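Take the given structure of chain A and dock chain B to it, following the hints.
Protein sequence lines correspond, in order, to chains A and B.
In terms of this note's numbering, the first sequence opens at residue 1 and continues consecutively.
In terms of this note's numbering, the second sequence opens at residue 290 and continues consecutively.
FYI, nobody ran anything at the bench for these hints, they're computed from the structure.
Be a bit skeptical, because a hint or two may be false.
Claimed, not checked - For the chain B half of the interface with chain A, some residues (derived, Cβ under 7 Å), not all of them:
{"#": "1", "residue": "H322"}
{"#": "2", "residue": "H448"}
{"#": "3", "residue": "A456"}
{"#": "4", "residue": "G489"}
{"#": "5", "residue": "A526"}
As the structure is a computational prediction, the values presented were derived from the model and not from experiment.
Here a beta-carbon is modelled for each residue, glycine too, at the ideal position from N, C-alpha and C.
Number of protein chains: 2
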Amino acid sequence: MIAVDWGTSSFRAFRVRDGQVLARRETPHGILHVGSDEFAPTLRRVVGPWLEAGETQILMAGMVGSRQGWLEVPYLPCPAGVGELAAALTAVPFEGAAVRIVPGLRSVDANGVPEVMRGEETQIAALLPTLDLAIACLPGSHSKWVEIAEERITGLTTHMTGEAFAALRQHTILARTMAEGETHTDAFRRGVVRSAEQGGLLHHLFGVRTQALFGELPETEAASYLSGLLVGHEVVAMAPVGKVHLIGTPALCSLYALAISYYGAEPVVAPADAAALGLIEIAERAKWT
Amino acid sequence: MIAVDWGTSSFRAFRVRDGQVLARRETPHGILHVGSDEFAPTLRRVVGPWLEAGETQILMAGMVGSRQGWLEVPYLPCPAGVGELAAALTAVPFEGAAVRIVPGLRSVDANGVPEVMRGEETQIAALLPTLDLAIACLPGSHSKWVEIAEERITGLTTHMTGEAFAALRQHTILARTMAEGETHTDAFRRGVVRSAEQGGLLHHLFGVRTQALFGELPETEAASYLSGLLVGHEVVAMAPVGKVHLIGTPALCSLYALAISYYGAEPVVAPADAAALGLIEIAERAKWT
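This is chain A alone, in the form it adopts within the complex (with noise of 0.2 Å):
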């Protein structure tokens, strides 16, 4: 089978057999840099000597899925496990494979605003059957918190953390004070430390510009304790207790490892591939592969 997690701005195939991920590919192709007539001429190009390996079936997750994607699959109803998930594929045209798109999943947080996720539900999905009462924390643009009870998602909480990095960064006069660098570990954790104190965040925004002014914070470390004040307000609203999974890209999970640390809960890593891992256990549920 060949496993495809097609986000936003990036797209990922998995050539998979027997649970094992034999081969991979990435490109940019994220959805926003492919035209609505370019769909299957861009999973061609990809994955194309797989299908002429042999391969014939190909499970899709993500963006992929919208209404920007390649064809919109309705969200599925809060809670659902792998199998609501795997009992509602939804097919796609395309000459020579069988496709099919997992669906994404809708929720309302605690007071009734809209929740919703496409492809995260996938990069659970193969950390479901193991788990009871857990949390889960998906890092990134736009981070998802993830409750699961009885092996299937409850709830879901996301936060525009990394969008608002990038917009802060980029867009505001906190851009005047930071030279483009390495992440700055240290200068993360003295951000998560002050998203503790008190003022909120838009006040400690403006103490960036200020310590930057002082001499306080050098402009090689200020974006990272930019990300660090980000990171600790998403951690310290979402006031986690306990075990938190974390799926993500290793330099990311490490850094909201930390912030999750400081805040006294426990992060566990996931395994990586979990979109592939996840698309797997969604097509054995299917009885597809």
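Same frame as chain A, but now just chain B:
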């Protein structure tokens, strides 16, 4: 006397006599739009007719006294009142009139992070002699909350609310669901109410997106809702009690008054022309007019 409020993006000049504003001029020549050797010519162009009519003294406040301004005037430490400001005026060479700049103020917040202001100390100066224990709020790109005791400014807290609004409004996915238009007061109020709910600001930001996606927030109201959300988070972080003196444009003061009332404090909108009145107060104390 001529009073000048010369900020980052605007230039406001007032001709005053006997504590009254006789005439005013406003131009977009904020310091960001004026070359380093253009300050004197810009001033002369705008207030030249008043000099020809016999004025000989010009008192200025705002970012004109910053490193990016005409001449850098060191910050005074808090606590400081009209007396301290009047005693620390800095002269600028200018042919045909005596020109002075009012210093800005500096402080540290409850956790030792530096705080600064330039211009707001002057906008509040006319009120100071009437206040004992009080709080003032000066809304804007960088909103200032000022603590006052015994007629002096004892501390301040800045929130990057206006600038964060602009960056989020224009440079994130939220821009896609927002139309230009007038402020929608009821949507602003709903944003303020949302700020009191659980989840934190970064989560509430994503709710702007999902409510738009699910048809719960019209495009013409989304920007006002976002503004209410941010202003609400600013006000709740300050937890104001009792009277809050509001100094700023009537439109912004009226929105902040709504948020301050929602959180149980009592907004009191200060008279217009606060900068001119403050410059008059400082000039009188300096025995300069």
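Hints, one by one, checked against the model:
no., hint, in the structure
1, H322, "violated, 16 Å"
2, H448, "holds, 4 Å"
3, A456, "holds, 4 Å"
4, G489, "holds, 3 Å"
5, A526, "holds, 3 Å"
In summary, the structure is inconsistent with hint 1 from the numbered list given earlier, while agreeing with all the others.
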